[in-house]
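Q: Residue numbers (this note's numbering), protein chains in the order written: chain S, 16 to 741; chain D, 713 to 1065.
No lab work stands behind these hints: they were computed from the structure.
Treat the hints with caution; some may be incorrect.
Within a straight-line C-alpha distance of at most 25 Å, the following computed BS3-like cross-link-like pairs (lysine-lysine) qualify [claimed, not checked]:
| hint | chain 1 | residue 1 | chain 2 | residue 2 |
| --- | --- | --- | --- | --- |
| 1 | S | 650 | D | 850 |
| 2 | S | 624 | D | 825 |
| 3 | D | 933 | D | 850 |
| 4 | S | 531 | S | 650 |
| 5 | S | 650 | S | 624 |
| 6 | D | 829 | D | 850 |
Some chain S residues flagged as far from chain D (calculated, every beta-carbon gap over 12 Å) [what the hints assert, rightly or not]:
| hint | residue |
| --- | --- |
| 7 | 56 |
| 8 | 160 |
| 9 | 345 |
| 10 | 625 |
| 11 | 678 |
Where is the CB? At the ideal position from N, CA and C, for every residue including glycine.
Take a look at the letters that make up each chain.
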Amino acid sequence: MRPSTRLALLLGWLGYMLVPWYLPEGFDLAGYPFGRAGTALALAISGAAPWLWPIGIVLLAATPLALRAESSRSGPALIAAGLFGLLAFFAQGFAVTLPGQGIPWLAALLGGAGAAQPGMGFGALLTLVSLLLLLCHGLAYRGLCRGDLFTTSTIGIVVMLIGLFILLPVATILRSALVDAAGGWALGEFADRLLSPTIWGLGCVGGGIACGVAWNTLVLGVLTGVLTTLLGLACALLVLRTAMPGKRLMRAMTVLPIITPPFVIGLALILLFGRSGVVTGLMSEWFGIPRSRWIYGLPGVLLAQVLAFAPIAFLVLMGVVQGIAPSLEEASQTLGARHWQTFRSVTWPLLRPGLANAFLLGFVESLADFGNPLVLGGNFEVLSTKIFFAVVGAAHNQGMAAVLSIVLLVFTLGAFWLQQRWLGSKSYTTVSGKGDAGIPAKLPTVVTVLSAMVIIPWVVLTAVIYAVILIGGFVKTMGRDHTPTLEHYRTGFAVDFSHGLFFEGAAWPSLFTTLKVAAISAPLTALIGLLTAYLLTRQRFVGRQLLEFATMLSFAIPGTVLGVAYILAFNVPPIEITGTGLILVLAFVFRNMPVGIRSGIAGLAQIDKSLDEASTTLRARSFTTLRRVVLPLLKPALVAALIYSFVRSITSVSAVIFLVSAEYNLSTAYIVGRVEAGEFGLAIAYSSVLIVVMAAGIALIQLSVGERKLGRRPVALATSAAEPAS
Amino acid sequence: MPKSAMPKSGPASVEFSHVSMRYGPVTAVDDVSFTIHAGELVTLLGPSGCGKTTTLRMIAGLEIASEGQILIGGKDVTRLSAADRDVSMVFQSYALFPHMTVLENAAYGPTVKGLGKAQAEAMALEKLALVGLKGFEKRYPSELSGGQQQRVAVARALVLEPQVLLFDEPLSNLDAKLRRRVRQEIRELQQSLKLTVAYVTHDQEEALAVSDRIIVMSNAKIAQQGSPRELYEAPANSFVADFIGDANLVEVTIEAVHEGQAQVSLGPLRLTLPARGLPPGPAKAAIRPHGIMLGDGLAGTVRKSSYLGDHVEMIVATPIGELFVISRQTDEIPAEGAAIKLSFAQQNIALVR
Chain S
16 MRPSTRLALL LGWLGYMLVP WYLPEGFDLA GYPFGRAGTA LALAISGAAP
66 WLWPIGIVLL AATPLALRAE SSRSGPALIA AGLFGLLAFF AQGFAVTLPG
116 QGIPWLAALL GGAGAAQPGM GFGALLTLVS LLLLLCHGLA YRGLCRGDLF
166 TTSTIGIVVM LIGLFILLPV ATILRSALVD AAGGWALGEF ADRLLSPTIW
216 GLGCVGGGIA CGVAWNTLVL GVLTGVLTTL LGLACALLVL RTAMPGKRLM
266 RAMTVLPIIT PPFVIGLALI LLFGRSGVVT GLMSEWFGIP RSRWIYGLPG
316 VLLAQVLAFA PIAFLVLMGV VQGIAPSLEE ASQTLGARHW QTFRSVTWPL
366 LRPGLANAFL LGFVESLADF GNPLVLGGNF EVLSTKIFFA VVGAAHNQGM
416 AAVLSIVLLV FTLGAFWLQQ RWLGSKSYTT VSGKGDAGIP AKLPTVVTVL
466 SAMVIIPWVV LTAVIYAVIL IGGFVKTMGR DHTPTLEHYR TGFAVDFSHG
516 LFFEGAAWPS LFTTLKVAAI SAPLTALIGL LTAYLLTRQR FVGRQLLEFA
566 TMLSFAIPGT VLGVAYILAF NVPPIEITGT GLILVLAFVF RNMPVGIRSG
616 IAGLAQIDKS LDEASTTLRA RSFTTLRRVV LPLLKPALVA ALIYSFVRSI
666 TSVSAVIFLV SAEYNLSTAY IVGRVEAGEF GLAIAYSSVL IVVMAAGIAL
716 IQLSVGERKL GRRPVALATS AAEPAS
Chain D
713 MPKSAMPKSG PASVEFSHVS MRYGPVTAVD DVSFTIHAGE LVTLLGPSGC
763 GKTTTLRMIA GLEIASEGQI LIGGKDVTRL SAADRDVSMV FQSYALFPHM
813 TVLENAAYGP TVKGLGKAQA EAMALEKLAL VGLKGFEKRY PSELSGGQQQ
863 RVAVARALVL EPQVLLFDEP LSNLDAKLRR RVRQEIRELQ QSLKLTVAYV
913 THDQEEALAV SDRIIVMSNA KIAQQGSPRE LYEAPANSFV ADFIGDANLV
963 EVTIEAVHEG QAQVSLGPLR LTLPARGLPP GPAKAAIRPH GIMLGDGLAG
1013 TVRKSSYLGD HVEMIVATPI GELFVISRQT DEIPAEGAAI KLSFAQQNIA
1063 LVR
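For reference, chain S alone in the conformation it holds in the complex:
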């Protein structure tokens, strides 16, 4: 056997014999190697956990195998050992959990009838990895993936991670929707909940009670999608097709949604248009318009979402408008069409798939948005907030939360499916490899005027909102008392130097936790994302499309659903990590993984596949190729993935609001808490601190990605004709 296979087996023995099997409570090693901190071997021998025997037997059986030389039989033997070991591992993990839970008949079969065990720990983790590696190495010995150990192992690890931390939680949601508290099937109850009038009721059409949350969510999503698309289009046309001033500023606006925590816009809207807001006050003073609560409900949430997501549509549509080859419009003009005719018959049809794409993006963002409906919703409930209240509210109802999550998941997956299938086949790629020296057609005057009329109020409002966010923290009470003060910053971020350095402010613990968790999860996200991208684009293996689908699933899962799924799945053994910092790290890693995958795929698309092949024909194996050729060239994508996942971890609220605990609180959850308590000053001060922190992060991206361009050597003698004689 190759040395790495022996190493994998050694890892398994280490986990089984030496490292505590279960998750320790505060690194308390009392009683080692027995009891809570016991090793699997000791627990199995002492009879405390007989269900751990099969795993040990598999390791024992694999040992002589690994010591012998490689033969044609070692592949199948290793596959059998790995498979059986994994089976034994998961069987005991899911069968023996808390008293009265798990799978009783399987537990009895394994010799643990009526027994219980805590969540798996580091020993179990090491053994699991070892068994997985044995299986993957066995497959490689059989000739899978051209016999490359590294490739099969990576595939195995990525598949296991996606299975455990995406598919398992989603499956748990489905299960808890279909099963009642006692563990029996409850299909009738499920159907009742799924079809309940609180979800699908149409009362508001007749002018009576409120409509169901599903309709609220859909109406809000469609309106947000349409409005953001129109705004984005107007903006893209003005920036790219006219000599409008302030273009750089408009482009800078596209960065805003990345660094703005999602509920901050809603917060600013309250400070402006709430009952005691600045604008409301002025209106009632000057024109006698009575103060009202109109901002709470559909209008407010819609306004906040449009302001928050329009820059995303702008970014998408800018790409689409740029992608229309000017020569097509020039062709139309040389055939005698006027500006307006060209726009209507050539430009507009070419834009249509891009518009649909932007619409779906806005729709999905609106569906997944949690912060703005929470802050501004009032009595207007959408699925994401309803899920939240079903979990944390007075009427604690896990089954209901699961059903609502399924409805939301179906909506987002549907939109996502449309985007992939329908648009994928319809989009017109008009950018070819050939140079296109044409000049884009001028925009018809009507379109220009219309666009400008839409854009100017939007830009002004956005500017006002960010001004409120930045100023709001420095005045006593926005809207009532505009006396300048540093009080809010003092409450949040005071530092006491009187006896050494002491972070006195109330916001420090959550900020430090946020930064720490983000800093830990960002490299993991980038690593897993880039590895997955590498497997998806550069390797061919059975089940590649299935893996692709699973990663796409993680693109489409709304944060609220992921959050609920995580508490449902990881609240009990075998993986019992609710309330720890670990669950936050995992939630961030798998929520942001799409970012890593996307930037990895984009980066890899720029690296010619023949470079990998050249490396392979020069006798380099996959790992060497990855390390010496692909990674150095992928550095910009790596940096981008790192920083974007770092920033997204900081702004994320929907996924983690369920997962934070008193010990591990996060900035966004803390701010939402301040908003609910009516402490707007501190909330807005904290928000602007976050925005500044993240703007610095984005600046870092621009700097490091720009650096690569500077580092590229000038193409001095690129033309072959200039070759000197030698």
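Using the hints, position chain D against chain S.
A: Only chain D this time, still in chain S's reference frame:
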């Protein structure tokens, strides 16, 4: 098993026996058998999509054959990955690592094999000198001309002294003049080092110029293999006749065959040609454009004529169909619509199936 110290066995033969490559329902290479002898340069020639590049990549191990057996130096390598085969490749795009210098690129093979830096660089420098790139070691690929990049790619492939060297359309990114020179350099290098080379191209002139033997491929199969002269003078079928040099394919009737000579009626003309195993009956004749002369014989009308300096190209309508004619008589050019008469040089006509 990784081979840390592979015994150098020098150039080796490549043998394909009944090799096929399928991607789902698509068959890229269909039951192909051939042998490349040690020290020989063999070209895989054919139009795009004929399976020649897939064949080359199967020699390299970048594609694993669906069926059949591949031997290199008499050893079965069918299931071996590219990293385990003693084969190097020069890519169409050169595939030079842009983040490494010329020297680092050339030393990549021995470096990843685990040889020390000093030894790897010494080996790289030797081969760089061989391709005439002494003094360019510190440059990056983007600082080199296309021709120089091509030589770096060749040097990098040579450093491990592979049993077989592969070229995938190595000249397609060079301009016409440079192409001629570089292909001569490749041929000289191959002959002086006695390398086994498999060379893919779609350019028949390039193939004729460099090859010991040519394998013509069409629709995933081998259409014909042989020396350049055999392919040109005795094409096995109309595809090869048309692909190797231009040819007018004309329907003819073989009247009788006597001692290997066929009596052929070509419109009103009667010719005696080598029968090449064809029985009496309908057949095709491949007539090279420069084998048709203005003179006495078949009557025709000039449809188009263009003056190209040292020769004149004409399309002439005749009773046996439109013929493409290359004439060296440039002093007097027949005008369009002129009536002319054509005669045929018999050594430039081949009967094909």
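Q: Would you mind marking each hint as holding or not holding in the structure?
A: Do the hints match the structure? See the list:
1. A threshold of 25 Å between alpha carbons decides the hint, and for residue 650 (chain S) with residue 850 (chain D) the separation of about 22 Å falls inside it, so the pair holds.
2. In summary, the hint linking residue 624 (chain S) to residue 825 (chain D) is supported, as the alpha carbons are separated by about 21 Å, within the 25 Å threshold.
3. Note on residue 933 (chain D) and residue 850 (chain D): the hinted pairing is violated, with a Cα-Cα distance of about 45 Å set against a maximum of 25 Å.
4. Restraint check for residue 531 (chain S) and residue 650 (chain S): the C-alpha separation of about 23 Å stays at or below 25 Å, so the hint holds.
5. With a C-alpha separation of about 17 Å, the suggested pair residue 650 (chain S) and residue 624 (chain S) falls inside the 25 Å cut-off, and the hint holds.
6. With a CA separation close to 15 Å, the supplied pair residue 829 (chain D) and residue 850 (chain D) stays within the 25 Å bound.
7. Remark: the non-interface label on residue 56 (chain S) is consistent with the geometry, its nearest Cβ contact in chain D lying 33 Å away (cut-off 12 Å).
8. Residue-level check failed: residue 160 (chain S) sits 9 Å from the nearest beta carbon of chain D, not beyond 12 Å.
9. With a least beta-carbon separation of about 30 Å from chain D, residue 345 (chain S) lies farther than 12 Å from that chain, consistent with its non-interface assignment.
10. For residue 625 (chain S), the condition that its CB be more than 12 Å from all CB atoms of chain D is violated, with the nearest at approximately 4 Å.
11. Every Cβ of chain D is farther than 12 Å from the Cβ of residue 678 (chain S); the closest lies at roughly 45 Å, confirming the non-interface assignment.
Consistency with the previously given hints fails for numbers 3, 8 and 10, ordered from lowest to highest.
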